[in-house]
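Quick mapping for you: the protein sequence lines, in order, are chains A and B.
Under our numbering, think of the first position of the first sequence as 1, with each following residue one higher.
Under our numbering, think of the first position of the second sequence as 1, with each following residue one higher.
Please note: incorrect hints may appear among the correct ones.
No copy is singled out in the list; a pair is fine if it fits within one copy or between any two copies.
Mimicking DSBU-like on lysine-lysine, the simulated pairs with C-alpha atoms at most 30 Å apart in a straight line are [as the list claims (entries may be wrong)]:
no.	residue 1	residue 2
1	Lys249	Lys116
2	Lys372	Lys346
3	Lys73	Lys147
4	Lys73	Lys116
5	Lys157	Lys73
6	Lys73	Lys89
7	Lys273	Lys73
8	Lys410	Lys366
9	Lys73	Lys249
10	Lys147	Lys343
11	Lys366	Lys172
12	Lys89	Lys157
13	Lys387	Lys372
14	Lys83	Lys116
15	Lys346	Lys89
16	Lys191	Lys147
17	Lys410	Lys273
18	Lys346	Lys273
Because the hints were derived from the structure by calculation, they are not lab data.
Number of protein chains: 2
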Amino acid sequence: MRLLPLALALCFAIPASTDASAAGGQTRIAPADIAVAERLRDAALKDDTAWDFTEGLSTEIPMRMPGSANDLKSREWVTAKFKELGFDKVWSEPVTYPVWVRRSESAEIVSPFPQKLVVTALGNSPATPPGGLAGEIVAFPTLDALKAAAAESVRGKIVYVGARMVARQDGKDYGIGSTLRTNGPSIASGKGAAGFLLRSAGTDHERLPHTGATRFADGVAPIPAAALSAPDAEQIERVLARGQPVRVKLALDCGMDGTYTGANVIAELRGSKQPDEYFLTGGHLDSWDLGTGAIDDAVGIGISVGAAKLIAQLPQRPARSIRVVAWANEESGIHGGNAYGEKHGKEVARAVLGSESDLGADRIYKMSATVKPESRDALAQIAAVLKPLGIDYDTQFQGKGGADLAAMHKAGMAAVSMHRDATRYFAWHHTANDTLDKIDPEQLRQNVAAYAVLAYLAAQADGDFGSKPGAFVGQDKKN
Amino acid sequence: MRLLPLALALCFAIPASTDASAAGGQTRIAPADIAVAERLRDAALKDDTAWDFTEGLSTEIPMRMPGSANDLKSREWVTAKFKELGFDKVWSEPVTYPVWVRRSESAEIVSPFPQKLVVTALGNSPATPPGGLAGEIVAFPTLDALKAAAAESVRGKIVYVGARMVARQDGKDYGIGSTLRTNGPSIASGKGAAGFLLRSAGTDHERLPHTGATRFADGVAPIPAAALSAPDAEQIERVLARGQPVRVKLALDCGMDGTYTGANVIAELRGSKQPDEYFLTGGHLDSWDLGTGAIDDAVGIGISVGAAKLIAQLPQRPARSIRVVAWANEESGIHGGNAYGEKHGKEVARAVLGSESDLGADRIYKMSATVKPESRDALAQIAAVLKPLGIDYDTQFQGKGGADLAAMHKAGMAAVSMHRDATRYFAWHHTANDTLDKIDPEQLRQNVAAYAVLAYLAAQADGDFGSKPGAFVGQDKKN
Chain A
1 MRLLPLALAL CFAIPASTDA SAAGGQTRIA PADIAVAERL RDAALKDDTA
51 WDFTEGLSTE IPMRMPGSAN DLKSREWVTA KFKELGFDKV WSEPVTYPVW
101 VRRSESAEIV SPFPQKLVVT ALGNSPATPP GGLAGEIVAF PTLDALKAAA
151 AESVRGKIVY VGARMVARQD GKDYGIGSTL RTNGPSIASG KGAAGFLLRS
201 AGTDHERLPH TGATRFADGV APIPAAALSA PDAEQIERVL ARGQPVRVKL
251 ALDCGMDGTY TGANVIAELR GSKQPDEYFL TGGHLDSWDL GTGAIDDAVG
301 IGISVGAAKL IAQLPQRPAR SIRVVAWANE ESGIHGGNAY GEKHGKEVAR
351 AVLGSESDLG ADRIYKMSAT VKPESRDALA QIAAVLKPLG IDYDTQFQGK
401 GGADLAAMHK AGMAAVSMHR DATRYFAWHH TANDTLDKID PEQLRQNVAA
451 YAVLAYLAAQ ADGDFGSKPG AFVGQDKKN
Chain B
1 MRLLPLALAL CFAIPASTDA SAAGGQTRIA PADIAVAERL RDAALKDDTA
51 WDFTEGLSTE IPMRMPGSAN DLKSREWVTA KFKELGFDKV WSEPVTYPVW
101 VRRSESAEIV SPFPQKLVVT ALGNSPATPP GGLAGEIVAF PTLDALKAAA
151 AESVRGKIVY VGARMVARQD GKDYGIGSTL RTNGPSIASG KGAAGFLLRS
201 AGTDHERLPH TGATRFADGV APIPAAALSA PDAEQIERVL ARGQPVRVKL
251 ALDCGMDGTY TGANVIAELR GSKQPDEYFL TGGHLDSWDL GTGAIDDAVG
301 IGISVGAAKL IAQLPQRPAR SIRVVAWANE ESGIHGGNAY GEKHGKEVAR
351 AVLGSESDLG ADRIYKMSAT VKPESRDALA QIAAVLKPLG IDYDTQFQGK
401 GGADLAAMHK AGMAAVSMHR DATRYFAWHH TANDTLDKID PEQLRQNVAA
451 YAVLAYLAAQ ADGDFGSKPG AFVGQDKKN
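Whole structure, please, built from the sequences with the hints as guidance.
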């Protein structure tokens, strides 16, 4: 009851469509459902299902590289866990993808001051020749500086780009780092570079480099590409600052290794009234191999599972289904999300709303959405239930739900984004430090509470959120 | 002038020997010298000689393992740097020590949940057999629990001890970690263990293990011994908690490799009145190989050098000499410090006071000393000059000056300890994270200011601090 004033305040604070609330086509949530959602929220703050799931997966099947032995093992593990947790239906849908393997990696400054460097190969990097690739460093502060460089200054050399990221709540600097990692090697190769090194796409100062996929444009020869830890990047910069030519040697044993057919593993609580319509959530099951994949993204599935488990314990299933997906191979190209979109995009209206979790489990501080205008009041009702969790509703930003939902959103699925505090996340992301101890159980419970509320109310809402073929075409460019 | 009230207040606050200040044998510092020390202190807060030294050594000659190629290179580097900085006399004194080498190291859980573990061999560990050492884990929470264990429970197994350290200003938990690391493997071997793993002697949660020397007691067979990073230690504990036998495989290629003759490199500002008496300071030149040895202990020498450089810029040399030593091979057994003590201990009265720097360069928060009672007033005078730096004088604790000075102190040298804030230090100590970026230039300058004051006033003091053969026998047990 103490929430009522807050909920009312929030409704009045949303000017857009409130005036039209009496009109037809408005999506609404019944007060009784709000009350249930509040109880779910409060119960989630005392529930450790998500923690237990994350602890189990990251302890028993860590390092879930797509196409590795742990790809199958992790699907078996999560299938068994979904069944054990009481989902009504558990199944898999095949996904085929190319496989990249990492065998070994090392680097060193050869001259003028010989020393080891800490590096990790980027996903999709080819190997260096046997014995390693030695070359002179040519350094750039940013990707734009590399883009602007004459090919003659780069040809035959090992390009180093030292762009930096700052830790921020909204994690926006990952745009700098991920763009450099994804496109830098291809751009360098296009100018004739022999190899590529970047300062890790991370915000930390640990001696742990950040891996992640790179991508070579069509017609560009793949070149060996690796990330230096931040202290190693700064060491290279100090050596370069002395003004002598700096030669490094890079030895990467890694590369593409055929294709593999894995699967998206899907679990569903079947709806009691419109079971063929569903709220879509989950996280990706694969991880990089350096860490245990606890924060990226065992915990994302854990949050969904924790929320669904609480809803499953209600006396009655909600009207619509709740679908949790453990997506295959997100890291090397969102293969699971794309496969899901290909299979289910043609019935996109059934996916009434989607929201993935793939940014660890630190506190969610705001919600945003891309939905039809007539459902904004319902979103505001949901936001009012989330408000005591410290979650604001940003009505300007248009959240798209997450990478694994991009294909579905593009097909026309309405989406909600839960924005997590990314201040800590990009220190650990894609490094050996992606381990369970980085998850704060209290903040994790707040995440579960938010998803329990969202999933339940989306599944119970009287009316939809606008999912239909092509519903949100043209809105993508806004953020 | 603004310091005078503080200085007076501090003098009155030291009750012990102030009453007897008129008596003979009291060591005193002249007001004019205090004024010079205050100017040195203030100049140090704007001087970056220590930073430049540390940056140079850790960038150009990182990973200074005793007996490695960098052992000689670093001595050449520091010799040249001492000369360049204007010391009056620079020389080396040979030190011979056994050499231990690390070639490669890896570990994994074999069953029930196969996965890589991040480990590093302990100094003095032998190699595992070719192909690695596989065995079942037997776990203990503390070294005491291992000591209490029956040999039958340990025999043939790989012992794991999971003792934890908490980050504290006084760093006292390093006692727990270093005792475990130093003695654990020998105790386990004495009970018939095949190998030894410990949770790293560190306070961090990074995926970077802490190396450091272990020591096998006479008659005990050396066994392979390594440290797990904290997240890996906790992962092993989670796997063990599931109640099944846990098998690990350890592959260490490392071991003893003959003996080597390196050297302590010594630089001196020659005193203007009693040049054969000297204030003794410095740090150790060797480092572990995982990091660049910036905080342990390039910066320790850097602090001494920064302080001496400021004193060298005065119009006149102080009465006594100031001697800076870059000690050889501290890490594997204080070989340089012991050699220095063996050579110079018989003339210990000439070393009027000693204070080493070997705990990084975070803020010094207190000073303590082991000196003759008649010099406590002089220490209080020094403390008054340090007070504006945020440094308290702990008259109860008896600082012994540092590991490389232990032999000299045991021989009878008076000593001062500058206690640094160790809150951050033991997160990085002996790991790959020992890099320049962990040093805060502002806190480093405070360190230099403290040492400039101490060195100058010890060299100028009218009277000594009690150094003489056997002076402090029996005082060691007090802390």
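Against the structure, the hints come out as follows:
1. Lys249 / Lys116: both (10 Å within a copy, 26 Å between copies)
2. Lys372 / Lys346: within (19 Å within a copy, 89 Å between copies)
3. Lys73 / Lys147: Answer is neither; intra-copy 42 Å and inter-copy 39 Å both fail.
4. Lys73 / Lys116: between (35 Å within a copy, 16 Å between copies)
5. Lys157 / Lys73: between (42 Å within a copy, 29 Å between copies)
6. Lys73 / Lys89: within (20 Å within a copy, 67 Å between copies)
7. Lys273 / Lys73: Neither, since 35 Å and 78 Å both go past 30 Å.
8. Lys410 / Lys366: Intra 23 Å, inter 63 Å, cutoff 30 Å: intra-copy only.
9. Lys73 / Lys249: between (36 Å within a copy, 21 Å between copies)
10. Lys147 / Lys343: Answer is neither; intra-copy 38 Å and inter-copy 61 Å both fail.
11. Lys366 / Lys172: Within one copy only: 15 Å inside, 42 Å across.
12. Lys89 / Lys157: neither (55 Å within a copy, 45 Å between copies)
13. Lys387 / Lys372: within (22 Å within a copy, 66 Å between copies)
14. Lys83 / Lys116: between (48 Å within a copy, 29 Å between copies)
15. Lys346 / Lys89: within (22 Å within a copy, 84 Å between copies)
16. Lys191 / Lys147: Within one copy only: 9 Å inside, 63 Å across.
17. Lys410 / Lys273: within (27 Å within a copy, 85 Å between copies)
18. Lys346 / Lys273: Within one copy, since 22 Å is at most 30 Å while 94 Å is not.
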